[in-house]
Amino acid sequence: MPAGMREGWGLTSDDRGTLYASDGTSTIHVLGGNLEGDAIEVKRTVEVTAAGRPLADINDMQWIHGELWANLFRQDRLAVIDPLSGAVRCFVDLSGLLGREERQRLGYEEVLNGIAHDARGDRLFVTGKCWPKLFEIEVEEPAWRRP
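Residue numbers (numbering that gives the first Met the number 0): 0 to 146.
Any given hint could turn out to be false.
Estimated spans, in silico, between C-beta atoms of each pair [to be verified]: (1) 12 - 128: 19 to 25 Å; (2) 29 - 51: 18 to 24 Å; (3) 83 - 138: 18 to 24 Å.
Because the hints were derived from the structure by calculation, they are not lab data.
In this text, all values refer to a predicted model and were calculated from it rather than measured experimentally.
Every residue, glycine too, gets a C-beta built ideally from N, C-alpha and C.
Make a model of the complete structure from these sequences and hints.
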């Protein structure tokens, strides 16, 4: 684990191979160095903010069309983040994915916690810890919720 990171929660890469790591805080760590060995280091950090305030609990992430899309721990929404400034561009509300009965059967830790992007097909998938389903979702800009 690179110095300065407390834990590893999420990891993704951009189109150039730059790695972005989350540790459950509001900080995204941009990594560099020898990625094949043990010389990985934090090149810079980006503070994630929504409406000017730090946004903690950044979890799993994906690089999608030049932005970081991230799960927020114990929240049923995704944050769409500018990778340079850290500003949240919008939130995507996913609270309707599971029905009430399914949600009640899940435990406290069984939260939204998986995001994957199929770049070739431009498809987006989400799921959660121990969730019974994988969802392919389509997000249209008018449905996005601004911070």
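Hints and how they fare:
1. With their beta carbons about 23 Å apart, residue 12 and residue 128 fall inside the hinted range of 19 to 25 Å.
2. At about 21 Å, the beta-carbon gap between residue 29 and residue 51 stays in the expected band of 18 to 24 Å.
3. The hinted window of 18 to 24 Å between residue 83 and residue 138 holds, with their beta carbons roughly 22 Å apart.
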